[in-house]
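Sequences listed follow chains A and B, in order.
In terms of my numbering, the first sequence opens at residue 1 and continues consecutively.
In terms of my numbering, the second sequence opens at residue 1 and continues consecutively.
A few of these clues could be false.
Unchecked claim - Below, in silico cross-link-like pairs of lysine-lysine (DSS-like), each with a Cα-Cα straight-line distance of 30 Å or less:
1. A:K102 with B:K182
2. B:K182 with A:K330
3. A:K21 with A:K185
4. A:K3 with B:K182
5. A:K113 with A:K102
6. A:K178 with A:K113
7. A:K131 with B:K182
8. B:K182 with A:K22
9. A:K21 with B:K182
10. B:K182 with A:K178
As the list claims (entries may be wrong) - Here are a few chain A residues that sit away from chain B, every Cβ distance over 12 Å (derived from the structure):
11. D54
12. P89
13. L128
14. S263
15. S315
Just so you know, these hints were derived from the structure itself, not from any lab.
Nothing here was measured: the structure is a model prediction, and the numbers come from that model.
Every residue gets a Cβ at the ideal spot worked out from N, C-alpha and C, and that includes glycine.
Now for the letters of each chain:
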Amino acid sequence: MSKLELQNLTKAYSRDIVPVKKLSLAVEDNEFLTLVGPSGCGKSTILRLIAGLDQPTEGRVIIGDRDVSPLPPGDRNIAMVFQSYALYPHMTVRDNIASGLKMRNLPAGDIQKRVQEASGVLGLDPLLDRKPAKLSGGQRQRVALARALVRNPDVFLLDEPLSNLDALLREQVRADLKQIFADQKSPIVYVTHDQTEAMTLSTKVAVLSNGHLQQLGHPNEIYKTPANRFVASFIGSPQMNLIPLSRVGNDVALGDFRVPLPSGSTAKSVILGIRPEHLRLPREGDACTVSGDVFLVENLGMSDLVSLRVQGDPSLTLRALLPADATWSKENLRLALPPELIHWFDGDTEQRLNA
Amino acid sequence: MTTAPQTTAPPQTSDRGIPWMRVLLWAAIAFTVIFSLAPVLWQVLTSVKTNDAITADAVVYFPGLDQLTADHYLDLFRRNRFYIYMFNSALVSIVSTVLCLALGSPAAYALARLRIPGEQVILAIVLVVTLFPYILLFLGLLEVVRAFGLANNYLALIIPYTAINLPLTILVMRSFFQQLPKDLEDSARVDGYNTVQMLWRIVLPMTLPALVTTGILAFIFAWNEYLFALTFMTREEMKTIPVAAAQLGGTTLFEVPYGPLAAATVVGTLPLVLLVLFFQRRIVQGLTSGSVKG
Chain A
1 MSKLELQNLT KAYSRDIVPV KKLSLAVEDN EFLTLVGPSG CGKSTILRLI
51 AGLDQPTEGR VIIGDRDVSP LPPGDRNIAM VFQSYALYPH MTVRDNIASG
101 LKMRNLPAGD IQKRVQEASG VLGLDPLLDR KPAKLSGGQR QRVALARALV
151 RNPDVFLLDE PLSNLDALLR EQVRADLKQI FADQKSPIVY VTHDQTEAMT
201 LSTKVAVLSN GHLQQLGHPN EIYKTPANRF VASFIGSPQM NLIPLSRVGN
251 DVALGDFRVP LPSGSTAKSV ILGIRPEHLR LPREGDACTV SGDVFLVENL
301 GMSDLVSLRV QGDPSLTLRA LLPADATWSK ENLRLALPPE LIHWFDGDTE
351 QRLNA
Chain B
1 MTTAPQTTAP PQTSDRGIPW MRVLLWAAIA FTVIFSLAPV LWQVLTSVKT
51 NDAITADAVV YFPGLDQLTA DHYLDLFRRN RFYIYMFNSA LVSIVSTVLC
101 LALGSPAAYA LARLRIPGEQ VILAIVLVVT LFPYILLFLG LLEVVRAFGL
151 ANNYLALIIP YTAINLPLTI LVMRSFFQQL PKDLEDSARV DGYNTVQMLW
201 RIVLPMTLPA LVTTGILAFI FAWNEYLFAL TFMTREEMKT IPVAAAQLGG
251 TTLFEVPYGP LAAATVVGTL PLVLLVLFFQ RRIVQGLTSG SVKG
């Protein structure tokens, strides 16, 4: 039905400040795209370009098969949920939800019906006649969502909608969001800096840094095969161990230990990446192991986050997630690096080496 | 709260002696109130005292029943036709206040939201205008009024009052607009409001408290202004309250009409007091609370 496409989208404020650089991507029906990246990576700017609140310096925004680049926001048939919710303080919840529909001169009965529907889905019925000032944070957030849902837009845009909620509520609303948007056909673009939201909600994740698209793919793909060092370090918590090493023959030296490089690589220097959750206590048959002394244990409840100095080179540290019920000694702890779970990146280009 | 047995635990502060901080606080409050309001009270009392009580050798602070009279007020309206001056003052003040808000708010909005080249320069100029002692503008204005034949025309007061109040309006409204969350306007645009609708239906309702506050300031200035009103209005039926009050004459040349003067002061001040009391809640009320996370 509708499809959102960005072609060569560029936004430059000045020659040096270019928050979005030549971005091209497409979001189909039933797709939930999350733009994720650190603060200042341009993700909110992209959303504003799609909405038409900012004009791109170059490139086009296409919704369905019409180029909406020259259209004002109101004519693009989009709905946007703002980080601050942006509810109109002088209107009741009902009027807030209906405001977008009233602007399009829909018949009153129609508006009534759609507001009822949305408020039913989001459990807002008892609040319809209140003003936003009388609502809690979570309730305001639901009103903002309802205002987007009643519009039946061609594209949903959500700008960090959960970041103003406290941690417990956020988790709950995240689950609600997933259910609500599972029923929506239109493409959804969701901006967040929270990688958990990105992983749990989306069918597609775009990792951004400095205005450049770093990787675009299914959440699993991003997690399992990060395209470069930035994506590897940004996605996953606790952060992946990334250790720049130089090559010794077909191996690299990790302190006193040798780790074989993947076949066919010619890079002079490499970065070894392994996620803390993939480092484990050695079992029989593990060929590739390292050992060292533990200098920090952080208890995360279901597991312990263990930091150790690699034997032979005290400047090298590794962090590993070990199950809370495992037994191990702090001195000379031995850990296995499963070769299939090691990520290799080129030391110079920082691009991924192994498939 | 109420279940705590009060007999077994007497309040601890009672046997600590006199709570000096509280006494001091209330003494300070009492002093401030008396210091600021005593002159007003004196005017009110004078306005209801008979002439004999006013001029009595022994000062009558609080008039007895036989010393009370409403004559001064009645005089004001019968003999001096004070309602004409009230009407003039009201007309000039209201029109210039409305004009001031109508011209100043859009300018303030533009200065707050658009990226105008030279914005700082414009603001500096606006600020500089307020630095002139307005007595300096006076002679120039007199010539202008003469050249355009505006003497004894309401416009001769409305235009200068509006101009003098504009800088304040622009600066206050600009800082208010800057505090308004931009997301609301973005949201309105996504909802399909065009610029005019957005300003009228979304921005304006939220701006009411600021409009009322600056409006009251502008109104008070215009209501109380004396110098321009004295000079530009010479015909009796065009005068405003401050001028008319100052020109109140006694029955003889040597009599100072204390009673009518006091009554005129009260009548001239009362509308302002009522206005501020009426809008006070609007001023205090933060209308934007609840729109965005606060």
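Now the hints, each set against the structure:
Taking the CA atoms of A:K102 and B:K182, the gap is about 22 Å. The hint holds against a cut of 30 Å. Distance hint between B:K182 and A:K330 is unfulfilled; the C-alpha atoms sit about 54 Å from each other, more than 30 Å. As the CA atoms of A:K21 and A:K185 are separated by approximately 29 Å, the hinted pair is consistent with the 30 Å bound. Restraint check for A:K3 and B:K182: satisfied, since their Cα atoms lie roughly 29 Å apart, inside the 30 Å limit.
For the proposed pair A:K113 and A:K102, the alpha carbon gap of about 13 Å is at most 30 Å, so the pair holds. Distance hint between A:K178 and A:K113 is fulfilled; the C-alpha atoms sit about 24 Å from each other, no more than 30 Å. Using a Cα cut-off of 30 Å, the hinted pair A:K131 and B:K182 holds, with the two alpha carbons roughly 19 Å apart. A distance of roughly 27 Å separates the Cα atoms of B:K182 and A:K22; the hinted pair therefore holds under the 30 Å criterion.
Taking the CA atoms of A:K21 and B:K182, the gap is about 25 Å. The hint holds against a cut of 30 Å. Taking the CA atoms of B:K182 and A:K178, the gap is about 28 Å. The hint holds against a cut of 30 Å. For A:D54, the shortest C-beta to C-beta distance to chain B comes to about 10 Å, within the 12 Å cut-off, and the non-interface label is violated. Listed as a non-interface residue, A:P89 fails to keep its Cβ farther than 12 Å from every Cβ of chain B; the least gap is roughly 4 Å.
No Cβ of chain B comes within 12 Å of the Cβ of A:L128; the nearest lies about 15 Å off, and the non-interface call holds. The non-interface label for A:S263 is consistent with chain B: the shortest C-beta to C-beta separation is roughly 53 Å, beyond 12 Å. Remark: the non-interface label on A:S315 is consistent with the geometry, its nearest Cβ contact in chain B lying 44 Å away (cut-off 12 Å).
Hint compliance for this structure: hints 2, 11 and 12 are not met, and every other hint is.
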